[in-house]
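K.L.:
Given only the sequences and the hints, what does the whole structure look like? Please build it.
All the letters of the sequence shown, read from the start, carry residue numbers 0 to 420 under numbering that gives the first Met the number 0.
Worth flagging that the hints you see were computed from the coordinates, not collected in a lab.
Don't take each hint at face value.
[What the hints assert, rightly or not] Pair ranges (Cβ atoms, derived):
(1) 264 with 306: 45 to 55 Å
(2) 86 with 111: 32 to 42 Å
(3) 52 with 214: 48 to 58 Å
(4) 214 with 317: 43 to 53 Å
(5) 375 with 56: 20 to 30 Å
(6) 85 with 197: 16 to 26 Å
(7) 73 with 110: 32 to 42 Å
(8) 189 with 210: 43 to 53 Å
(9) 257 with 367: 13 to 23 Å
(10) 110 with 165: 20 to 30 Å
(11) 269 with 313: 20 to 30 Å
Using N, Cα and C, we set each Cβ at its ideal position, and we do this for glycine too.
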Amino acid sequence: MKASLASSTSSTESDKPLPSMPRGVILLFAIASGASVANVYYAQPLLDILARDFNVSHAAIGGVVTATQIGCALALIFLVPLGDLVDRRRLMALQLLALISALLVLGFAHSTIVLLTGMLAVGLLGTAMTQGLIAYAASTAAPHEQGHVVGTAQSGVFIGLLLARVFSGGISDVAGWRGVYFCAAIIMFMIALPLWKRLPHLEIQPATMRYPQLLASMLKLLRQEKVLQVRGVLALLMFAAFNIFWSALVLPLSAPPYSFSHTVIGSFGLVGVIGALAAARAGYWADRGYAQRTSLLALVILLLAWGPLSLMAHSLWALMIGIVLLDLGGQALHVTNQSMIFRTRPEAHSRLVGLYMLFYAVGSGLGAISTTATYAYAGWLGVCALGAGVSLLALLFWWMTRHIVPQITHEKDNNIQINKI
Numbered sequence: 000m001k002a003s004l005a006s007s008t009s010s011t012e013s014d015k016p017l018p019s020m021p022r023g024v025i026l027l028f029a030i031a032s033g034a035s036v037a038n039v040y041y042a043q044p045l046l047d048i049l050a051r052d053f054n055v056s057h058a059a060i061g062g063v064v065t066a067t068q069i070g071c072a073l074a075l076i077f078l079v080p081l082g083d084l085v086d087r088r089r090l091m092a093l094q095l096l097a098l099i100s101a102l103l104v105l106g107f108a109h110s111t112i113v114l115l116t117g118m119l120a121v122g123l124l125g126t127a128m129t130q131g132l133i134a135y136a137a138s139t140a141a142p143h144e145q146g147h148v149v150g151t152a153q154s155g156v157f158i159g160l161l162l163a164r165v166f167s168g169g170i171s172d173v174a175g176w177r178g179v180y181f182c183a184a185i186i187m188f189m190i191a192l193p194l195w196k197r198l199p200h201l202e203i204q205p206a207t208m209r210y211p212q213l214l215a216s217m218l219k220l221l222r223q224e225k226v227l228q229v230r231g232v233l234a235l236l237m238f239a240a241f242n243i244f245w246s247a248l249v250l251p252l253s254a255p256p257y258s259f260s261h262t263v264i265g266s267f268g269l270v271g272v273i274g275a276l277a278a279a280r281a282g283y284w285a286d287r288g289y290a291q292r293t294s295l296l297a298l299v300i301l302l303l304a305w306g307p308l309s310l311m312a313h314s315l316w317a318l319m320i321g322i323v324l325l326d327l328g329g330q331a332l333h334v335t336n337q338s339m340i341f342r343t344r345p346e347a348h349s350r351l352v353g354l355y356m357l358f359y360a361v362g363s364g365l366g367a368i369s370t371t372a373t374y375a376y377a378g379w380l381g382v383c384a385l386g387a388g389v390s391l392l393a394l395l396f397w398w399m400t401r402h403i404v405p406q407i408t409h410e411k412d413n414n415i416q417i418n419k420i
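P.N.:
As structure tokens, this is what we get:
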């Protein structure tokens, strides 16, 4: 199942502009993507409560996060690519029903095994829904607005990430940790009907490969697509820089002279909601052929962010300015990466996003591992130096590969025909 490619039969037909996606549908993609990804992160503020309720040590309860991340990785490899093989609309519906079931299982969990199994399932299905919706949005958008649509959907993902921890902490204070997952199930149930009714239809074509061949083709895509390789490495470095900052932030802010609570520390993430604006704007620029310029601007902003971040000991205002810059640069680069990748193989959007997000996962893991050791050895300034070094490496890598990745234009794609409601 994919958007069909057809040769234009006449100059008049080829010049005819494709209809734009309705704003309501674009907003639905953003809301559904944000709600889906939030499920993956609800557990993070609840670890202390879960450890107490299930009578396990604080060290062992980290398995909750591990199980969720394993689910995320499995989804990127085994579930997300299915969007290139089967009817995406039905796939989204089945995954959504399974996600609701997993959330209910978590809400009723009374054993550690059920808890970990439920977390793995939520990570698996929440990630599959999120990235599946991003690929769906890219496939159903007209070429002239693909970057804008993907950017808006990605804005929803970013806001969902930021609000997940706030929502989880607030609901748990009122209704306990089980209430968080019951509320999450209700939210996803409320989204189900609008998704089924309003998700655009794609023309379904006979499958050209079986599932094992689909998975094998991902390695072929990775070998052949230079755009994917370059943008994947940029994503790896960018998300490594992100996690270098966010994984270390709790260490100085929870110690004197600040001694902030985890709730207060988590609220600093809300400052970065401005980054959601960068996501939509970056997609708009990519649609107009400015993807490389946007990449350069985003990488420069990402590098400059470490200046005010390094001044945290002297000013919390500097910290907040640095967070805004970090999120602006990061989100702009992320959406530009996706927009460029989606232009390469219209028939492989789901596999492309799965492969791209694997780079993200590796970068996030490397950033988290490196930053704690750096903080123990060199303190906050050492963390900022590491983050700046990784950001500079990303900028240099872009500079060396800027001729390999061409700027995006949409003229060559004007023969994509998409059936919509």
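K.L.:
Are the hints correct? Go through all of them and say.
P.N.:
Okay, the hints, checked on the actual structure:
| no. | hint | verdict |
| --- | --- | --- |
| 1 | 264 with 306: 45 to 55 Å | 21 Å, violated |
| 2 | 86 with 111: 32 to 42 Å | 37 Å, holds |
| 3 | 52 with 214: 48 to 58 Å | 38 Å, violated |
| 4 | 214 with 317: 43 to 53 Å | 47 Å, holds |
| 5 | 375 with 56: 20 to 30 Å | 22 Å, holds |
| 6 | 85 with 197: 16 to 26 Å | 20 Å, holds |
| 7 | 73 with 110: 32 to 42 Å | 22 Å, violated |
| 8 | 189 with 210: 43 to 53 Å | 32 Å, violated |
| 9 | 257 with 367: 13 to 23 Å | 22 Å, holds |
| 10 | 110 with 165: 20 to 30 Å | 29 Å, holds |
| 11 | 269 with 313: 20 to 30 Å | 22 Å, holds |
The structure fails hints 1, 3, 7, 8 (numbered hints given earlier, in ascending order).
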